[in-house]
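Given the coordinates of chain A, work out where chain B should sit on it, guided by the hints.
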Amino acid sequence: MEKELRLMKGNEAVAEAAIRAGADGYFGYPITPQSEVLEYLMEAKPHERTGMVVLQAESEVAAINMVYGGAACGKKVMTSSSSPGISLKQEGISYIAGAELPCLIVNVVRGGPGLGTIQPSQSDYFQATKGGGHGDYHLIVLAPSSVQEMADFVDLSFELAFKYRNPVMMLSDGAIGQMMEKVWLSPQKERSKTVPEWATTGKPPSRERVIITSLDLDPMAQEKFNEKLIAKYNEIREKEVRYEEFQCEDAEYLFVAYGTSARVCQKSIQIARAQGIKAGLLRPITLFPFPTDRINNLADSVKMMISVEMSAGQMVEDVMLASGGKVPVFHYGRLGGMVPEPEEVMDFLKKKIIGG
Amino acid sequence: MPQATGAKEIIKPENLVYKRTEVMTPNILHYCPGCGHGTVHRILAEVIEEEAIQSETIGVSPVGCSVLLYNYLDIDWQEAAHGRAPAVATAIKRLLPDKFVFTYQGDGDLAAIGTAETIHACNRGENIMIIFINNGIYGMTGGQMAPTTLPGMKSSTSPYGRDVKMMGNPVKMTDIVASLPGTYYVTRQSVHTPANVRKTKKAIRKAVQYQKLNKGTCFIEVVSNCPSGWKKTPVESNRWMEENMFPFYPLGDLKVPVE
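Listed in order, the protein sequences are those of chains A and B. Start counting the first sequence at 1; every next residue gets the next number (our numbering). Start counting the second sequence at 1001; every next residue gets the next number (our numbering).
There's no promise every hint is true.
What the hints assert, rightly or not - Simulated restraints on C-beta separations: (1) A:Gln222 x B:Gly1142: 19 to 27 Å; (2) B:Leu1213 x A:Arg207: 28 to 36 Å; (3) A:Pro205 x B:Lys1231: 39 to 47 Å; (4) A:Glu48 x B:Asp1098: 18 to 26 Å; (5) A:Gln222 x B:Lys1199: 37 to 45 Å; (6) A:Lys193 x B:Lys1212: 21 to 29 Å; (7) A:His47 x B:Lys1212: 18 to 26 Å; (8) B:Leu1213 x A:Trp198: 30 to 38 Å; (9) B:Lys1231 x A:Gly336: 51 to 59 Å.
In case anyone wonders, no lab produced these hints; they're calculated from the structure. Don't be surprised by glycine CBs; every beta carbon is placed ideally from N, CA and C.
In isolation and in its complexed conformation, chain A is listed as follows (with noise of 0.2 Å):
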């Protein structure tokens, strides 16, 4: 089957390849601005194409425990929120890194802290790569920078999710998510028929009983779990860095930037050239793992690094570690919903250079 040229919205994307990518079920609960994935779904009738079952939980906190229940049958099962709503998930999200359950959790974020705003915003880096939840974890996190992105890493994301029988969020904003584009939709995959060994789908007689639990309490058992995750994690940050460069080659001034800042970079940096200052993007697709090495042999290379993101500052923490201070690193955001032009981040650029 060929693949398929639609007009969408980044949220409307998400649901659909979730329906191609044959996803078993989906669990949400409406927020601002998000709500076109669980709209998108309920009207597409997906449980007619391909039996996939789709829900409207009575909040995101029931949502994501679905989600749990429905992975620890070993099926391919999805929630979406966006930020205030991530927040109340991060218990069942802990617990779901805590049993090494997959499963994919799209936060379309939105401006904080508290209800904040429903504008576009990047507030939510930390949660997203630091853990979120109580206890030590991490997810695998996907930064799309386009409906494109979005409609295809739903299906790289269960890949990764399965692969590692662990979370992985997309986090992705309001801009993305509401914005419209064309995208090429995957044919329909058929929905899994094969069960996983460890899923809970009744016990025959000829096996052990499967218990999906995150409990342990004997200290040594969970401190060997928890060693156990730690591996898994450094083999992720060995495996499954993902990242794309734009005219880094002979870039003196590196921005690094992810989903809708990569975006604004891009047209900085046709400007910056213009002009005859060489300035190139880094843009990471996986937030965890970073691309920690990669920016480290750029900063060889290049003369300051500036990390431009919607927020008061979060990953340039990473930006920082990552270039070994061997070369000044900044940060420019706007907050509060706000959506950087390309002129304002090529004006910090000059700025910078001249020693602002």
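Relative to the frame of chain A, chain B by itself:
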């Protein structure tokens, strides 16, 4: 003086009148002496064996005294976060509609922190069985006031007795869920006498059979004792339960299927 008879002389096939159901594991229960949990576990396991659904059953255990329930019944288990078992069970049943799915929860789990999940799962009429152990106290954390603690009842966080003006009233969750259109069978039982054990077992068996009909949620409250939390001997705690808990939480069916 007659010699004490050795165990070997007694354990003979012709003397065997009772044995552990195979659905119970040989693990030693961690519950306090006189606690009702072990009895409910056993009759639940017996029903699973007698109905031949061991390979079809997925249980969801709670947070509370029965958090380690998965150590005792030889079936597939999911351990839920505190109060979230009905949401977890909802997804299991919807994704595996042919399986027998149940939750087993205490009063803190089901009627305080999990109130929303309980009410909405019941209101949607999820085809699951919910077993609700109500002993009016948080047992595992050491006897704190529960949503079901009786007015005037002492606990470690209501040391002078539950003052309803200050602490609010106990909640009758079973009455609430019985009023919801999604529930199919709602009953309140106990396991403090052999007759009551048989009634509770019968209720569990009905819930298993009803789940096959896909008619909605089956909800079984078991009013239970907590000798350790109530600071009473097992016998005293059962008497106290009869005299104080049953008048407030009367036993019997609250909702039965209309044929």
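Hints versus structure:
no., hint, result
1, A:Gln222 x B:Gly1142: 19 to 27 Å, "holds, 22 Å"
2, B:Leu1213 x A:Arg207: 28 to 36 Å, "holds, 29 Å"
3, A:Pro205 x B:Lys1231: 39 to 47 Å, "holds, 44 Å"
4, A:Glu48 x B:Asp1098: 18 to 26 Å, "holds, 20 Å"
5, A:Gln222 x B:Lys1199: 37 to 45 Å, "holds, 41 Å"
6, A:Lys193 x B:Lys1212: 21 to 29 Å, "holds, 24 Å"
7, A:His47 x B:Lys1212: 18 to 26 Å, "holds, 22 Å"
8, B:Leu1213 x A:Trp198: 30 to 38 Å, "holds, 31 Å"
9, B:Lys1231 x A:Gly336: 51 to 59 Å, "holds, 55 Å"
Violated hints for the displayed structure: none, as all numbered hints are satisfied.
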